[in-house]
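> Letter by letter, the chains look like this.
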Amino acid sequence: MLDLITILQAGVASGTVLLFATIGEIFAERSGVMNLGVEGMMLIGAMSAFSVTISTGDPLLGVLVAMLAAGLLSQIHAFLTITLQSDQVVSGLALTFLGTGISLVLGEGLSKAGTVALLPIVSPAWLSGIPLLGGGLALLQQLLSAIPLLGPILFTNQNVLVYGGYLFVPIAWYLINRTRPGLHLRAVGDYPAAADSLGVSVTRLRYFYVFVGGLLAGLAGATISLAISPGWFSELTTGGQGWIAVGLVIFAQWNPVRAMFGAYAFGALRRLILDIQGPTLLFGMANPFYYNPYWGFFLQMLPYAFTVIVLVIGSRDAVRKRLGAPAALGVPYVRGERGL
Amino acid sequence: MPEDTTPEKVVEMRGITKRFPGVLANDHVDFDLWRSEIHALLGENGAGQSTLMSVLAGLYHPETGSIVVNGKPVSFSSPRDAIQAGIGMIHQHFMLVQSQTVTENILLGLDRPRFRMNLSTYDQEIATLSERFHLKVDPRAKIWQLSVGEQQRVEILKMLYRGAQVLIMDEPTAVLAPLEIEDLFKTLRTMIQDGKSIIFISHKLNEVLEIADRVSVLRAGRTTASGVSTEGVTRSDLARLMVGRNVILSVEKKPVTPGEVVLSVEDVHAESDRGLPAVRGISLNVRGGEIVGLAGVAGNGQRELADVINGLRKCQQGRVRLHGAEISNQPIRKNIQGGMAYIPEDRTHVGTAPSLSITDNVIMKKYQQPPIGHGMSVDAKAAEKFAQQLKETYDIIVPNVKTQARLLSGGNLQRVILAREMSSMPKMMIAVQPTRGLDVGAIEGVHKYLLTEREAGAGVLLISEELEELLALCDRIYVIYEGQIMGEVSDGTIETIGLMMTGTPLEQIRPYGQGAATHV
Chain A
623 MLDLITILQA GVASGTVLLF ATIGEIFAER SGVMNLGVEG MMLIGAMSAF
673 SVTISTGDPL LGVLVAMLAA GLLSQIHAFL TITLQSDQVV SGLALTFLGT
723 GISLVLGEGL SKAGTVALLP IVSPAWLSGI PLLGGGLALL QQLLSAIPLL
773 GPILFTNQNV LVYGGYLFVP IAWYLINRTR PGLHLRAVGD YPAAADSLGV
823 SVTRLRYFYV FVGGLLAGLA GATISLAISP GWFSELTTGG QGWIAVGLVI
873 FAQWNPVRAM FGAYAFGALR RLILDIQGPT LLFGMANPFY YNPYWGFFLQ
923 MLPYAFTVIV LVIGSRDAVR KRLGAPAALG VPYVRGERGL
Chain B
299 MPEDTTPEKV VEMRGITKRF PGVLANDHVD FDLWRSEIHA LLGENGAGQS
349 TLMSVLAGLY HPETGSIVVN GKPVSFSSPR DAIQAGIGMI HQHFMLVQSQ
399 TVTENILLGL DRPRFRMNLS TYDQEIATLS ERFHLKVDPR AKIWQLSVGE
449 QQRVEILKML YRGAQVLIMD EPTAVLAPLE IEDLFKTLRT MIQDGKSIIF
499 ISHKLNEVLE IADRVSVLRA GRTTASGVST EGVTRSDLAR LMVGRNVILS
549 VEKKPVTPGE VVLSVEDVHA ESDRGLPAVR GISLNVRGGE IVGLAGVAGN
599 GQRELADVIN GLRKCQQGRV RLHGAEISNQ PIRKNIQGGM AYIPEDRTHV
649 GTAPSLSITD NVIMKKYQQP PIGHGMSVDA KAAEKFAQQL KETYDIIVPN
699 VKTQARLLSG GNLQRVILAR EMSSMPKMMI AVQPTRGLDV GAIEGVHKYL
749 LTEREAGAGV LLISEELEEL LALCDRIYVI YEGQIMGEVS DGTIETIGLM
799 MTGTPLEQIR PYGQGAATHV
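Chains as they are written, first to last, in the working numbering: chain A, 623 to 962; chain B, 299 to 818.
These aren't lab readings, by the way, just hints derived from the structure by calculation. Heads up, some of the hints might be wrong.
[To be verified] Not the full set, but computed from the structure, chain B residues with beta-carbon under 10 Å of chain A: (1) S397; (2) N403; (3) L406; (4) L408; (5) D421; (6) L427; (7) F431; (8) K434; (9) R460; (10) D571; (11) L654.
C-beta: ideal position from N, C-alpha, C; glycine also.
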């Protein structure tokens, strides 16, 4: 039978993937650079995380390598769009093809390479192993899990990266809105000429935040292959979630907190679509999603259809302005040489 | 003026030469600035005064010449260096981030809040500073919420907060309403008393005479007057130094009897790009054979109104009629067929297609009909002949009509647009800021063409921020403020229109309706 708590619990877990990727893209877009290569960077991340963990047995090292690999890939996009000032859409698409291609070649045979050590689940026993703070953290975790409704959904039997997501959202929001680096980030994305005239390096900041976007996309990839749905299933590993993340950025209006709600909602939707095809009876009637597989396919299409719609709507300049897109998003910065 | 006999030199520029591809912008220019003075730098657009000041502000590096600030030779490689030496420049286009608050804009690029932005403390600091220099502005307001005058105050505060002793202002009054200009002048005088020095770039002669202690004039990159005291100098003296010949400062307007109403705008509402109401119930009309002005400070809905009339923006309520036929929310071709001509504000991207040739740009309204268009094909020979004709008639100075439009100077580009629009024998012409950024000669030309249209019996709607231009050309003037018409005058003075531009309706200025347009 359908169990709401289970669906939401799994939804938060699989939403964590979207969360990292979306917030990464928010950082890049806030600086003025749209990177449509999220899908490619996530695949690179998922592949390298799995590969490194299988050969070293250390999932933490796998995560680090995944982030660096995707971050490195993102710098191709940075170089093309910031230094060479090429079109961000074209370069981003190319990055997805490149990332997908590289990860498929390097990941050849990886799916049969065996099982890996996964990232740990946060439990009192695991927390107690942490020196110094372990006891306190274990107690805190038990208290959080005991909260009615929210406890089981958010804090019970969740991966360490899911917990990481909880911490990361407020940090990202605070960084963007309440700190000096955040002020500079927003200025560079809204009116780079103003930042430049006051000695803030537009180029350096944009490279940096595209890199941050890459790191987080890599983390999102690693979250899939080492925690949420472990393994390497070539391009099906990410299954287009990178594109959903790009759509979510618009839906979230470039705000990490809204991105969190969107990511978890999509995670839950994914899980619901899987679960609803299981039981033979639904609300006392024959379950159409069980008996007719086409209904299931239709449901599976919905998140992508949503992404396409959001991207189409969001591609209109006027709409983007209304939603609060960074004013200089997509525009290469050239220092004003006025001629006279 | 300082009382001591030998004024202290704050800035000394000697033999500055700056070259751009094909242009010698500054040719061995000398410039001095004394402490506690307002020094006007006068010149036509492109005469090199902005370049000279960009050199002083660290934006450009000169080929030759030296700069001495407070007795020490300096060499700036970036605006940051100049600011550290106490020199700040306020550009014509404000360098402000629209989505951020006043305080955030002022703190941008500074080292002081190390990490956490404790905005309330800084809000306080900035409020104190703004009070000291009579620069009233709410530190917590977002830039997009502020009027242009307030935004300029933020720019000044930004420089004062950084400890600037020398302030360079590039055409600061171009965007201001008359009352705001008064406020700005007050602030400038306060700053002088505080021991600061100001360089005031302008081409408005009476302003220069009003505010400046001394004046330097540039023409074609060379100094024609250097540090002359403004006492006893007249407007025509300055104009001659600036242009190099005697200039007629007025236009000749023949009497024309207005015909019937060509354009009528009825209770039009429209939104800005951000989706906020920009035009809020505007009604106006233009008759054949008259030039009607729309005065107002930039950003009060003029652009949106022009867009609606030309069919480029959705009309949310009300309607626009051309010769009685509704044209709002209709295909633009209907406008063109009805005899509408449009001189847009943005010459380079809306008015022309920059990478197309002059020929292609001038046939844009003609390519569908013979002799140029034949069904699906365009007769290249006929098109070129047509372009050649226009080139001669309208005095477009280019080697040939195959030249790309983007290579043209502002005045030439405007002549290309005027040629295209006027050759279609329009019945109605909308001109938005047609003389912005043009030099005196080109402005004379544009004015002449607008008057030609008027004499030919077409209606002209002239949207402009230059009050003097409007008063010289227009038969009637409407004043727009925050998307609404404040009133209509046919004998307005700068003072009356100035009040209306800042939001006072005409009825409050002239309770009995004296002098308001009696016709219509």
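> A separate judgement is required for each hint: does it hold in the structure or not?
Right, here's what the structure says about each hint:
1. S397: Status holds, d = 5 Å.
2. N403: holds, 7 Å
3. L406: Interface hint status for L406(B): holds (5 Å vs cutoff 10 Å).
4. L408: holds, 8 Å
5. D421: violated, 14 Å
6. L427: Since the shortest Cβ distance to chain A is 17 Å, the answer is violated.
7. F431: At 20 Å from the nearest chain A Cβ, F431(B) fails the 10 Å test, so the hint is violated.
8. K434: It is violated, given that the least Cβ distance between K434(B) and chain A is near 22 Å, above 10 Å.
9. R460: Since chain A brings a Cβ to about 9 Å from R460(B), closer than 10 Å, the hint holds.
10. D571: holds, 5 Å
11. L654: violated, 21 Å
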